[in-house]
Each structure stands twice: as structure tokens, then as C-alpha cells.
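K.L.:
Take a look at the letters that make up each chain.
2 protein chains.
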Amino acid sequence: MYELLRGMHMVEASSFVACPTAAMYLAQMGADVIRVDQIGGGPDFHRWPKARNGQSYYWEGLNKGKRSVALDLSRAEGRELLLELATAPGERAGIFLTNFPVNGFLSWERLSARRPDLVLTRVMGQADGGPALDYTVASALGIPFMTGPESLGDAPVNAVLPAWDLLTGAYAAFATMAALHHRRETGQGQEVRIPLADVGIATVANLGMLAEALRSGDRKRYGNEVFGAFGRDFVTADGQRIMLMAITPKQWRGLVRVLDMAADVAGIETSRGTSFAQDEAERFLHRDALYPLVEARVAQRRLAELAPALDAEGCCWGPYRRMEEAARDPALVGGNPLFEAIRHPSGETYPAPGAMATLPAASRIGVRPAPVLGAHSEEVLTELLGLGSGQFSALVDRKLVGRPA
Amino acid sequence: MYELLRGMHMVEASSFVACPTAAMYLAQMGADVIRVDQIGGGPDFHRWPKARNGQSYYWEGLNKGKRSVALDLSRAEGRELLLELATAPGERAGIFLTNFPVNGFLSWERLSARRPDLVLTRVMGQADGGPALDYTVASALGIPFMTGPESLGDAPVNAVLPAWDLLTGAYAAFATMAALHHRRETGQGQEVRIPLADVGIATVANLGMLAEALRSGDRKRYGNEVFGAFGRDFVTADGQRIMLMAITPKQWRGLVRVLDMAADVAGIETSRGTSFAQDEAERFLHRDALYPLVEARVAQRRLAELAPALDAEGCCWGPYRRMEEAARDPALVGGNPLFEAIRHPSGETYPAPGAMATLPAASRIGVRPAPVLGAHSEEVLTELLGLGSGQFSALVDRKLVGRPA
Chain A
611 MYELLRGMHM VEASSFVACP TAAMYLAQMG ADVIRVDQIG GGPDFHRWPK ARNGQSYYWE
671 GLNKGKRSVA LDLSRAEGRE LLLELATAPG ERAGIFLTNF PVNGFLSWER LSARRPDLVL
731 TRVMGQADGG PALDYTVASA LGIPFMTGPE SLGDAPVNAV LPAWDLLTGA YAAFATMAAL
791 HHRRETGQGQ EVRIPLADVG IATVANLGML AEALRSGDRK RYGNEVFGAF GRDFVTADGQ
851 RIMLMAITPK QWRGLVRVLD MAADVAGIET SRGTSFAQDE AERFLHRDAL YPLVEARVAQ
911 RRLAELAPAL DAEGCCWGPY RRMEEAARDP ALVGGNPLFE AIRHPSGETY PAPGAMATLP
971 AASRIGVRPA PVLGAHSEEV LTELLGLGSG QFSALVDRKL VGRPA
Chain W
611 MYELLRGMHM VEASSFVACP TAAMYLAQMG ADVIRVDQIG GGPDFHRWPK ARNGQSYYWE
671 GLNKGKRSVA LDLSRAEGRE LLLELATAPG ERAGIFLTNF PVNGFLSWER LSARRPDLVL
731 TRVMGQADGG PALDYTVASA LGIPFMTGPE SLGDAPVNAV LPAWDLLTGA YAAFATMAAL
791 HHRRETGQGQ EVRIPLADVG IATVANLGML AEALRSGDRK RYGNEVFGAF GRDFVTADGQ
851 RIMLMAITPK QWRGLVRVLD MAADVAGIET SRGTSFAQDE AERFLHRDAL YPLVEARVAQ
911 RRLAELAPAL DAEGCCWGPY RRMEEAARDP ALVGGNPLFE AIRHPSGETY PAPGAMATLP
971 AASRIGVRPA PVLGAHSEEV LTELLGLGSG QFSALVDRKL VGRPA
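Just so you know, the protein sequences line up as chains A and W, in that order. Residue numbering for the first sequence follows our numbering, beginning at 611 and increasing consecutively. Residue numbering for the second sequence follows our numbering, beginning at 611 and increasing consecutively.
Do not take every clue at face value.
Any copy, or any two copies together, can satisfy a pair, since identical chains are not distinguished.
Unchecked claim - Computed cross-link-like contacts, DMTMM-like style, restricted to lysine to aspartate or glutamate with a CA-CA straight-line distance of at most 25 Å:
#1 K1009 x E988
#2 K860 x E835
#3 K860 x E690
#4 K1009 x E694
No wet-lab data here; the hints were simulated from the structure.
Next up, chain A with everything else stripped away, as it sits in the complex (with noise of 0.2 Å):
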């Protein structure tokens, strides 16, 4: 983690991929986070991927420096804990990230009836509240009917990373971060709303897509050719599978070069009355020409004599792995400072990445793990609200309050 959030305090009540991430992308930077859950768990606690204990993996990764409290949220009195919390004083805090429902007890009408400078950070489904999950906003977009090969016909295929997850948690942080400023200048707060059904639309839109289908209808399926560019997997003579590109003039001079193929591609450039060396679009148009070239040049070679030319000459490519691998790999993982062994809540000692971005100008501080459930509900309710000891207690007692075992 960085420290270039020092001193913010910020409150997160929420489940899944993209609230949580938005919240973790803002610890990670330095911002003190409270992650609040149900007692026992919120509906994310026990999500696949697990540990051999049965924890979550999901839910250790997605929470990572993140301090927690936990709060039976389903009484009046637990709820009310939560919105104490959330609009608990102070300059720097009042900040409140949470997929709860829009009209329910974390309304802004009943947050800001609290605190009216809160900034209030809400992702949701669907922007009038309906419900979305990141695969239903893709299975609306048409996506799934362009992915994969052309032999599967009319069979739509999902997308294994949760994207629109992702991008919306990603924006959140940002949109989070463009409301405080707003705040310093104007002594405003105000709810920001982040619906993943608009991030969807508003990215297809973003990409030219929603124009293209309006213009010219649905885009065919092009499996792995990269569209309206030079981009497929090839296989080399040792059965090495590439992912290899050329999408600007040095790239793809530098491929030519490597794979020996000027002449083939001059005389194709002939024939067709093209040239490739500018526009990668006439590389996508001639690619019944190419693809076959550059196939017949990839399978005369081996990769580990392929491999260091395409790097001299500054191509794009990459291999293609299984996870496994990548996580084994020294370059990506253990030798990544991003990355440390920690130990998790489940007990194990695995590699965790802090921040995604790096800042040489400032040292990387260890990455913390996610916390135990519950782990500083004490702290932080007598940090926040004032409580002593004795009126904590009688809280964890009633089981409104809950803490580690």
C-alpha cells in the first residue's frame, strides 16, 4: 500500500465484486476503510473460490487493509449502529461506500438527514434500483454473441471475468475521490450513483460499438481475431500457443523483420493494392492473406528462439497459460513488488498485491491482509462513537455487536 490517502476514514457496507474493490482500491492508497458485514457474514462471506478451511479466498482477496466490524444488521439498533458510523464526525471522514438498496435504511434522505456533507458512494444494478449482476448486464449487451468461434453458431459464450464488475468498482474509487474533491472546494456532499447497467451501455457506447451496431447491425463473431486490427494466436513449431499483435507502425515492421516475410508481404500489398505498413485496419482487411502467412512463418519456429527476436524488434505478443503458471511465475508474482507472502484469515500464507499502481518516488508499505471478521469492532466503535468499554460490552452481549471469537 501508499500513503497518498493518509488520514482519509472511510465507512464501506457492502457484498460482491465492485463496492468492495472500490473500497480496497482506497485502503490501498492509505484511506483508513471500515468494512462493515452482517454478524456472521454478508452474503460474499462464503464465496467460492475457498480455502482448505472453507474460507473464502473471494472474500479474503477483495478486503485486503480494510479494518472490520461486524453488526447484526438485521435489528433496528444494529442498523442504527451503521448509520452512526457512517456519519460519524470529523473533516476527513464522513465518507460511505455501499450496494445497499437506494431506498432502504441507508437512503441518502436517511444518511444525509445526518450528516448533509456526506459523500456517499452507491453502487447499484440497475439505475432505477431493479436488480443486475455483472452477467446480465453482459448477456444485455450482445457481447456473449461475439465471443468465442464462429462454429458455435447461435450459442452466446460469457465472459469468465467479471468486466462490468470490475470497471464499475474501478470508477467508483475514482467517482468517490472526484466527490471529495468537490466537497473541499464547496463544503457539499452529495450521493453518487454508479448503476453497472449504465456502466455496460455507457462502455459500449465509450468503445464506438453502440454506433457500429447502429450504423451496420450486429458485429460477426471473429473468435480470437482482434477486431479491425493484426491480432490472433498462432501456434510455433514446438506447439507453443502466442497471442500476437501489431496494432502500431513499429510493431508491425518489427514482425515483418522478424518473421523474414517483406517479400510475401509486399507482394501481397501489391495484389491487393494496399499497403500494411500505416493502417492496422487494411491489416484486418487483407487477414485471409496475412493470418495464413504469418501462420505458415510462427509454426517454422521455436519459441524460445522466436521469443527474444519478437522482444528485440519491439513487437506485442504474449504466451498463452494456464493460470497455474502465471501464478508460479517469477516475473508476474514472486518477483513482483507488487506482490508479498502473507498470511490470510483463512490461516494461509499465500501472495497478495497491494496497490496496482506503483510509485517510485514513494516506498511500498507492507501489504495488509484482509481482516478478521469482526477483528476491530471495538476499536473502532469506541474510536468513532465514543463508547467505553462497559457500553461495548453490553453490546456484544445483546449480539449486536460482533467480534472474533
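Following the hints, position chain W against chain A.
P.N.:
Relative to the frame of chain A, chain W by itself:
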């Protein structure tokens, strides 16, 4: 757009997806963002998809709300102008986003020599400065082998959505704001590096997948089934395909009720010795029994009958749609307050979104289109560098600065 960042001035010199979206998110929250391109356009200026006249929908989608300056960056004097713009004075300026090479003319050393308190956000491929694109990051992480139906065997399936680019872009916008916060507190600027490859592996780890791979090897292909939860595509009596999920207890209860399958579910629970009410993972573990049941029930109902019943119970579902259908859906685009039909640089008028967040307390200010390339060269160079109109004309005459014909 909104005005949360009104008064902030930023400069962007970049191309493709990640860095341009970061700058666009900032612009759509009210920052003044000046995009600097090579005269005639950078490597992304002609990217597909394209409008009828050949202009890029992609470029005009990713540069909305920015001002445009065109310089000849192939000449030292053009590069000098960019250095001056990026480091121009002003308390609310000195913010520069780029994906140019880390050790090139836009290195931290070069830039900070002119403005030590610069906030420099640099989107990179690999952390060591090597090239990487969304597709090579993805292939290196193993996700293509988990995507698509089992019938594909060992063939990888690339994602169509550039998820790593998009996540990197949103995170870069966040990290820029975090660094600005820090500068305001301490007066210190710095470089913030965000390598795509680090975003990729860190995210896989954040989702618990890295620990999973280290513990139990590669996850297999589950087709359209959501790992560890109840969720898959199903087809209705009238042949409509829907994505149907149940990750919370409420969603599962609702689904059981709507499909009138309480007795069958209870039977499975008894014979398997489990309960599906609370734990989504149990629904996944016993999907061999649950999916055929739900499949049969969904196949008996028409979508027009099923949809309102699912909605009434707060179930999470969505249709599979083609992108053109999504683009023409009034709920998603035409009647969505995010969108406005505006005229773009291509000359075409089509709907485009503003900020992906919604601020209920603020009014949306009209969606601003991307600029015509070089449209603001004169105003920006006179404003920021104090050039007189004669000096500006001289730069144009020498083809160091471009402006629209």
C-alpha cells in the same frame, strides 16, 4: 457531464483505450482536458469501428469532452511544445496523463525538471517498459482456457471486451485523483505508473483466483455456468434465452417461488443432505440436479409471462440480446438520462453518454462530443503558453502545429 472537477486543468498525450478513457472520465466530471495528438492523428485515430466517412467511432467515443491540440511530435520542437503544455503553470494544472514510453522524451526526469510538483499518470504495458496490450495480458493469465464450452477442448477463447484496458483506465483516473489529493496535502507531485500487466495479475489475485490456482491448479471450463453460484443461461418456451442468477437468499427464494419448484427443491435437498436456502455454493455443487429442473421449468413458460413474475420477486435475470437490440432499447439508451443524441466529428448524429455516475443532486450538463483534431490548438497555445497570434501562425506555417483545414 458534471462539474465536480471544474477548474482543474489536465493534459493527455496517449492513444488506444486505457489512458484515453481515464482522461475522458476526468473530463466528464468537469476537468478541462487537453488531448495532444500527432498532426493527422496518432496510432488510434483511424481505429475501427468507423463512420460512413471513414472517421473513427472509436476515437470519437473515447475523446468526448476534451479539447484537441495537434503537434508534430516527430520533431524536437513539437515535442518541446508538448513538454511546455504538460508542465504549464497553475495551481490547478500540472496534471499529465500519458502512455508514452517511460524513458522517452516524456520521462519523469524531463517533465519534473520543468515542474517538480507535476502529477504524472503513466499507463504502461509491462512494468519494465516492455509492450503489452489487453489481449496479451489476458492470454498470459489463463482466462481464455476457462472461457467457452467444454467442447472447445484446449482451444482458448479470447474476450471481446478489452476488460484490462477498461479497468486500467478507470483505475488510472482514480490514481490521478489520489495523487492530486496528496499533492494538495503536501505540495509534492510524482509519477504514478499503472502497467496493464500488473492490473491483470493483481486483479486475478484480488478475486481469489491466484490463491485458488496455487492451491488446486487450473479451474476447468464451466461454459456459461457461473463458478460457485447459481447462474446460467436458460431458454423459455418461446425460445428466448435468458441469464438467470441467484446469489443471495432472497433471489433464490424468489426463483423457487416463480418456478413453483419448492417441492422438487426440497426433494433434492433431502436426498443430497443439503440446503440451498442460504449458501449459493451448495447450489453450484448440486447443479447437476438443479439446472435440469430449472431448465424444464423455464422451458414451460413464455418470456412475457416469466419476466414480470421474476421482477416481482426481485430475482436477478436478464435477456440475452444482440448489441443492435441493446442500442435501440429506450430503457438503455434512448430514454436513459446518461445519453444524448449529439453531432460528432464524423458529422453523424447518434446517442452518446456522459459520466457513468449519476449525481441526483446535480444537473447533467449536456454531453460534449469529441473535438475535431486540432480544433483547440490556437486557443490552448495562446492560453497556456502565452503565444501571440503571429507566433501561433508561424508554428502552423512551419507545420509544427496543426489545426482544422
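K.L.:
What are the numbers of the hints the structure violates, in ascending order?
P.N.:
none
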